[in-house]
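Engineer: Given only the sequences and the hints, what does the whole structure look like? Please build it.
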Amino acid sequence: MLDFNTITTAIDQYLHSIMPAQAAIVTECILVALCAVLAYVAFAIVMIFMERKVCAAFQCRLGPMRVGPWGLLQVFADVFKMLIKEIISIDRSDKVLYNLAPYLVVMSSVLTFSCLPFADGLQVLDFNIGVFFIMAASSFGVLGILLAGWSSNNKYSMIGAVRSGAQMISYELSIGLCILVIVVLSGTMQISELVEAQRDGWFIFKGHIPAFIAFIIYLIAGNAETNRAPFDLPEAESELTAGFHTEYSGMHFGFFYVAEFMNLFIVAGIASTLFFGGWAPLHIAGFDMFNDIMNYIPGSIWFLGKTFFVIWLLMWVRWTFPRMRIDQVVSLEWKYLLPIGLVNLLIMTICVVMGWTF
Amino acid sequence: MSPEFIELEILRPRMEELHRNGMDFLRDIIGMDWGEEGLGAIYALENSSTHENIQIAVRCTDREKPQIPSVCDLWSVAEFYEREVYDFFGIVFTGHPDMRRLYLRNDWIGYPLRKDYDESEAINPIRMESEVPEDLQRQSEIEEDAARELFVKQTNKIFGDQYIINIGPQHPATHGVLRFRLALDGEEIRKIDVHCGYIHRGIEKLSEKLTYPQILAFTDRLDYLSAHQNRHALCMCIEKAIGLDITDRTQYIRTIMDELQRIDSHLLFLSCAAMDLGAITTFIYGFRDREKILDIFEEVTGGRLIQNYNIIGGVQADITPDFANKVKEYCKYQKEKIKEYNDVFTYNTITRKRMIGVGKISREDAISYGCTGGTGRAAGWACDVRKRHPYALYDKVDFKEILYTNGDCYDRYLVRLDEIMESIHIIEQLIDNIPDGDYKVKTKPIIRIPEGRYSASVEGSRGEFGVFIESHGDKSPYRIKFRPMGLPLVAAMHKILKGAKVADLIAIGATLDYVIPDIDR
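Protein sequences appear in the order of chains A and B.
Each residue of the first sequence is one higher than the one before, counting from 1 in this note's numbering.
Each residue of the second sequence is one higher than the one before, counting from 1 in this note's numbering.
These are computed hints drawn from the structure, not numbers from a lab.
Keep in mind that the hints are not guaranteed to be accurate.
Restraint ranges, calculated between C-beta atoms of paired labels, are given here [as the list claims (entries may be wrong)]:
| hint | chain 1 | residue 1 | chain 2 | residue 2 | range |
| --- | --- | --- | --- | --- | --- |
| 1 | B | Thr349 | A | Asp288 | 44 to 50 Å |
| 2 | B | Glu291 | A | Val41 | 37 to 43 Å |
| 3 | A | Met289 | B | Thr349 | 42 to 48 Å |
| 4 | B | Glu336 | A | Leu31 | 28 to 34 Å |
| 5 | B | Lys400 | A | Ile209 | 47 to 53 Å |
| 6 | B | Asn21 | A | Tyr336 | 51 to 57 Å |
| 7 | B | Arg352 | A | Asn99 | 56 to 62 Å |
| 8 | A | Ile209 | B | Glu340 | 51 to 57 Å |
| 9 | B | Glu291 | A | Arg66 | 16 to 22 Å |
| 10 | A | Phe212 | B | Glu340 | 27 to 33 Å |
| 11 | B | Pro390 | A | Pro339 | 53 to 59 Å |
| 12 | B | Lys335 | A | Ser300 | 47 to 53 Å |
| 13 | B | Ile356 | A | Pro339 | 47 to 53 Å |
Restricting the straight-line Cα-Cα distance to at most 30 Å, the calculated cross-link-like pairs of lysine-lysine (DSS-like) are [claimed, not checked]:
| hint | chain 1 | residue 1 | chain 2 | residue 2 |
| --- | --- | --- | --- | --- |
| 14 | A | Lys155 | B | Lys501 |
| 15 | A | Lys53 | B | Lys292 |
| 16 | B | Lys353 | A | Lys155 |
| 17 | B | Lys498 | B | Lys475 |
| 18 | B | Lys335 | A | Lys53 |
| 19 | B | Lys326 | B | Lys442 |
| 20 | B | Lys498 | A | Lys155 |
| 21 | B | Lys396 | B | Lys339 |
| 22 | B | Lys495 | A | Lys155 |
| 23 | B | Lys360 | A | Lys155 |
| 24 | A | Lys335 | B | Lys501 |
| 25 | A | Lys53 | B | Lys337 |
| 26 | A | Lys335 | B | Lys498 |
| 27 | A | Lys335 | B | Lys360 |
| 28 | A | Lys155 | B | Lys191 |
| 29 | B | Lys339 | A | Lys53 |
| 30 | A | Lys335 | B | Lys353 |
Predicted, not measured: the structure shown is a model, and the values here were computed from it.
Ideal Cβ positions, reconstructed from N, Cα and C, are used throughout, including at glycine.
Structural biologist: See below:
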């Protein structure tokens, strides 16, 4: 299988050979950041196009068809439109926070994005508390949303932001518990090791019942984290027009929009890393022939395939369910998901202690 | 039916007596300007169990300061009806808790539906500044901060210092230009104030200068989702007044078209209710199927939304030869699709959680607020005009009146869904038996209605739609009044909304299913 470590090491050695060590590290940082942001944007465009086509398919429509073949250029046209639109400043808004908020949201999203293991060695951030870092980085996105709502000087935004705060802080707990279940199972928090441990079998198979329960809870909580239906109350367009980003225009709105899509990608990416083995191919113990064939498929294809499968699941939910009410959202978390998650963690611990895992 | 004129002094005791004797449904209050004889009001009442009708008229000779005792403690809906009469005639209803204008701006001068109203633009120019709400008072004590207006304290007569949020007139969930002001406590609604009139076109005033065939054009533009029924009501009223008998073929066409229109409206209701709750896929499904009805309309009438199909004495044009086949094909198609809505939306857990037990209205309140149509029937009030006072062919066809008992959002939704099936059932009984004959009766080029007062009502898509005409023998009416289907629903909002959350407002608004041009006329 293609190992990206060889490529990155080669680049690293080349840079070190032509410049001093510190300059080489700075150059590498810039290169990596550039690649991460470019990949972020590229995936955002793919996601937006996918969302439109998937939603159209659910609704017996064709989706965008006019710009380019099958509407392929539609998203580019939209991005271009967004870029040239004016960024309106609002009277009596808190200018600093108002302008800062979208960047906070995007920053948290990009940081989390760079933790995803796209293939063996193709990962920006990888250290011994990787999962913990993901939790931390993804949770300060809510700060951006709260600031956006607060600083817009708009009551709809304010209500949307407060809803968002209540919702995201609640569901963070469930996500944490689900991740903990996998950490208990694998005994590591480092993402590359997590994937490595799944080479002989994905965690959803290894951890059987508790892992499956964790996966379901993770999907629900992840959906809530991304503010998508049925949890899209922070921007419930029929109640609050657009919720926390009502007053944003141009690229500032674009940041929220892109971050929302990329959070979906990230949630799905983490799900595929934790439960479906990241870039690890499907291996069944004993079937060596089959395992060899699976090994020929590159890791990045495995990762993206799994991720887009989870995305498709989430889109399916998004385009089928109506929106919940804020009290229902909060009670679903605190009364059902959290207790189930805690019990599930206990079950997993017992399973691991007794050696009842595969 | 001619109204019973009573003295102003005995209005209250007479009304109280009528209310005690079971006249619990106030259909409408019609403001009148009889010129020399003074201003007045006609109360149309009905007994909700025996369906007995009565009209009470009262006159007030003082044109400067007309005053009539309010009846809004007897019938809750009178609160809005009386505000409308005050708005257009300047009659003050004594004892009314909230005598503000309902439609016009509060800086409007004069009362437009009075016969001596001066229409000149010098008096009421187009005002370019926005309206200051009557109830808002700015406190001047913090004068030194006046430069930073942010800190000027504002208090409110209606809301006090509650957190007020404005919804509308441009808002995705109000289905048009309706405006609410809500007082919120967190997510919970404490109080609601409805502002109407953003799309008021003064149709009743305009009609007083136009001939009867000309007035017909307005009715399609009231509730555009019951265009056929509205026009049916007006044609029926005029035909009744001039004693015109219409052919059987016309009756069949009118009944079928009314029911198609009802299905059209209920499909739109379903779509928009789903959309408001965030289920966008169901929205598209509903519109996909509604398109098929619009195609039939287009083929027969030439119009999709505004059809202008009924005329006095018949219909505009005969049905097309393959009309029957297309309608039958459609009915078959629609029956299958209902199952799809059920699968994706009706039985969805979230939908049920959002709608069951939310926005309850009791049968008594529904009657007191005059909430006819789906809202009334969901609360268990058998208020279908097609059953109460059958018109056209409704006494010849077999159909059930859909009744539910809880009066919550889910029941209101189910009533509409079941009514689609019931309408299909009615159409299927009629479509094969359309008799031959003329589709219209020849009328005189100029229609004059003999002196008198006439009224007719039909079951519109969302309640009882009534027409009242007072004629003085001219070719245009002295006064024409349409009973709106939506105004009672909006009037009941504050009752239904008690203790609801912001998100419930959307569910309630969607299932009440008002159409703004019908409220505003």
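Engineer: Confirm or reject the claim that Phe212/A and Glu340/B have a C-beta distance inside 27 to 33 Å.
Structural biologist: holds (31 Å)
Engineer: Using the beta carbons of Met289/A and Thr349/B, state whether their distance is inside 42 to 48 Å or not.
Structural biologist: For Thr349/B against Met289/A, whose Cβ atoms are near 45 Å apart, the range 42 to 48 Å holds.
Engineer: If you draw a straight line from the CA of Lys360/B to the CA of Lys155/A, is it 30 Å or shorter?
Structural biologist: OK: Lys360/B and Lys155/A at ~27 Å, within 30 Å.
Engineer: Is it true that Pro390/B and Pro339/A lie within 53 to 59 Å of each other by Cβ?
Structural biologist: 58 Å Cβ-Cβ, so the 53 to 59 Å window holds.
Engineer: Does Lys442/B sit within 30 Å of Lys326/B, going by the straight-line distance between their CA atoms?
Structural biologist: Holds, because 29 Å separates the two Cα atoms, which is no more than 30 Å.
Engineer: Do the Cβ positions of Lys335/B and Ser300/A conform to the proposed distance bound of 47 to 53 Å?
Structural biologist: holds (50 Å)
Engineer: Regarding Ile356/B and Pro339/A, is the given constraint of 47 to 53 Å on their beta-carbon distance met?
Structural biologist: For Pro339/A against Ile356/B, whose Cβ atoms are near 24 Å apart, the range 47 to 53 Å is violated.
Engineer: Check the hint pairing Lys53/A with Lys337/B against an upper bound of 30 Å on the C-alpha distance.
Structural biologist: Since the Cα atoms of Lys53/A and Lys337/B sit roughly 23 Å apart, the hinted pair holds (cutoff 30 Å).
Engineer: If you draw a straight line from the CA of Lys353/B to the CA of Lys155/A, is it 30 Å or shorter?
Structural biologist: holds (26 Å)
Engineer: Quick one: are Asn21/B and Tyr336/A within 51 to 57 Å, going by C-beta?
Structural biologist: holds (54 Å)
Engineer: Between Lys498/B and Lys475/B, is the straight-line Cα distance small enough, at 30 Å or below?
Structural biologist: violated (48 Å)
Engineer: Taken at face value, is the distance from the CA of Lys501/B to the CA of Lys335/A at most 30 Å?
Structural biologist: Given that 30 Å is the threshold and the Cα spacing comes to 20 Å, the pair holds.
Against the hints set out earlier in the document, violations occur for numbers 4, 7, 8, 13, 17.
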